[in-house]
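First to last, the sequence lines map onto chains A and B.
For the first sequence, the residue numbers in my numbering are 1 to 320.
For the second sequence, the residue numbers in my numbering are 321 to 640.
Derived from the structure by calculation, the hints contain no laboratory data.
No experiment lies behind these values; they were computed from the predicted model shown.
There's no promise every hint is true.
[What the hints assert, rightly or not] Below, in silico cross-link-like pairs of lysine-lysine (BS3-like), each with a Cα-Cα straight-line distance of 30 Å or less:
(1) A:K258 with A:K239
(2) B:K627 with B:K571
(3) A:K4 with B:K493
(4) B:K493 with B:K559
(5) B:K559 with A:K4
(6) B:K559 with B:K627
(7) B:K324 with A:K258
(8) B:K627 with A:K173
(9) B:K628 with B:K578
2 protein chains.
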Amino acid sequence: MPGKGEFGRIRDYLAPLALDGAFDLTDDAATINPEPGHELVITTDTVVEGVHYIGDEQPEQIASKLLRVNLSDLAAMGASPRAYTLNMTLPGDVTDAWVRAFCQGLADQQRDFGIGLLGGDSVSSPGPATLSATLCGEVPVGQAIRREGASPGDYIFVSGTIGDGALGLLAAKGELAVIDEFEATLLAERYRTPEPRIALGLALRGNATAGADISDGLLADIGHIVDVSNVGAIVEFAKVPLSSAGEFALKAEPMLWKNVVTGGDDYELVFTGPENLVEKIKSSGVPITCIGRIVSGDGVQLVNEQKKSLPIDIGGYRHN
Amino acid sequence: MPGKGEFGRIRDYLAPLALDGAFDLTDDAATINPEPGHELVITTDTVVEGVHYIGDEQPEQIASKLLRVNLSDLAAMGASPRAYTLNMTLPGDVTDAWVRAFCQGLADQQRDFGIGLLGGDSVSSPGPATLSATLCGEVPVGQAIRREGASPGDYIFVSGTIGDGALGLLAAKGELAVIDEFEATLLAERYRTPEPRIALGLALRGNATAGADISDGLLADIGHIVDVSNVGAIVEFAKVPLSSAGEFALKAEPMLWKNVVTGGDDYELVFTGPENLVEKIKSSGVPITCIGRIVSGDGVQLVNEQKKSLPIDIGGYRHN
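Just chain A, same shape as in the assembly (with noise of 0.2 Å):
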């Protein structure tokens, strides 16, 4: 490891970032506490060069990434964010400005989230840069939004366009030609910056019934949640809401559908309620579109405008 070692990047690049209880990250472990009659939530995931990212991305967009996808989390749980813990594992090449770098991206999304660092580690690896975030938010206790408790006869909704993510990833590779530059450049920030929806996810606790983030797919996640709730879904493509760079795809490439159904890393929000759900949570601004009901029964079933049932291997997710 190159210039200034794992203590001097501590200590110049990752202390400023520390929340209070974190100690300037000057010590073996960090404390938090949540507010009164609220209960933290934990949720992390990894991100790993060349398999989560390409790799040519900016250092601050891969920082922003690796909090954001669990800020989506949190998102799915109806929690507010409040700190997290980092493990960086680095080739030992890297230099002291990739990590400088990447350690701004890191403090602009505790910016614009509003969270702080409670302490990490930073190690070398012959392998590629593999990056965990453990994130803290909370909920009041009990309110928890979670995948079981979706009923027969609820609507399933979801926020924003589908499949921007799984586009954008083909995008970013410069595999999507059917589509103009611009679009592919929309597409391919989709996929590198996704939109947690914390503000959404705090109008739906008490108000949905079931709900999850879209991380390996809508049909995957849907899968689920009717997998933990002991119901069914019908999810009708025709009314999945897609961008403009989505349609435009679409009508280049109709085979395309089935990544915007299957391909994951759109980090919207899936949940079921009452039809009048939209209205109740309209505040936070985020569209909404319903695109199915939950049914008695068991799976996922994807329906075409006749209703027929179109024949798809929904990928990350495997029926039990």
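Given the coordinates of chain A, work out where chain B should sit on it, guided by the hints.
This is chain B only, laid out in the frame that chain A set:
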């Protein structure tokens, strides 16, 4: 990834390890709440195959070491262990049998230390196995043992014996030919399976003025304490407690004394306080040795029996 895939492994091997509040790992995140009057203490550490462990260990041993190095940080803070999250980044060709054995190792530690799994992820990587755990413990509010707090006149104490981690690493790699196989095996086992000093940490709460665990090396970790406490330390090498295997090794190869004080991986506790501190903590059942004094000034000085300074680069530790 052959075999069960990520979802199958989580369902079959990890979900049975889930704590209450972790919803059998079927949710995006888990909830945890400290007992009334307590706060959570959070720490995280990563181990990389070929860097922090050799790679010839049994999966159970690797799981044990991963949790134990983190539990040692909780011990250093005087915290009771509660729960943890896990990030498994594994080579694509790792088998289900390896993951099952690794999870058996986690289960063993969960039973021994009274902790449960809150959540985690499992991803593939072209690099070496990279395993992070984030441990949550709890302490009565404001009673965490800090590195800050040592004052001139305080005595410096360590638990157990020092240097076995560093000598054990040499032994485990077959590079400690100066001692016989029996002693080498004992030392290697100390390196592979550290003993977090949880009971001692609890006994030190309210009694020690400062403390840390010995992970970077005896002198380096005392260095961390004196730096944030704005004091200096004088450590007497002759008082540093050695195991009988350690004594054998140093007798055969005197230059190994440097490994003993700089090598790290002991996971004993080093702490400061008044002379009668030993009386107050003997209930913890761990041998305690006074090895020096805190003084005004800065830095860590190692002296021989004639009180002459021993010149040494104290490794992991860099003075600011």
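Going down the list of hints, with the structure as the test:
1. For the proposed pair K258 (chain A) and K239 (chain A), the alpha carbon gap of about 15 Å is at most 30 Å, so the pair holds.
2. A hinted pair counts as satisfied when its Cα atoms are at most 30 Å apart, and K627 (chain B) with K571 (chain B) qualifies at roughly 21 Å.
3. A hinted pair counts as satisfied when its Cα atoms are at most 30 Å apart, and K4 (chain A) with K493 (chain B) qualifies at roughly 29 Å.
4. As the CA atoms of K493 (chain B) and K559 (chain B) are separated by approximately 28 Å, the hinted pair is consistent with the 30 Å bound.
5. Using a Cα cut-off of 30 Å, the hinted pair K559 (chain B) and K4 (chain A) is violated, with the two alpha carbons roughly 33 Å apart.
6. With a C-alpha separation of about 12 Å, the suggested pairing of K559 (chain B) with K627 (chain B) holds against the 30 Å cut-off.
7. A threshold of 30 Å between alpha carbons decides the hint, and for K324 (chain B) with K258 (chain A) the separation of about 23 Å falls inside it, so the pair holds.
8. Between K627 (chain B) and K173 (chain A), the direct Cα distance comes to roughly 65 Å. Violation of the 30 Å bound is thereby established for this hinted pair.
9. Restraint check for K628 (chain B) and K578 (chain B): satisfied, since their Cα atoms lie roughly 16 Å apart, inside the 30 Å limit.
Of the numbered hints listed earlier, those contradicted by the structure are 5 and 8.
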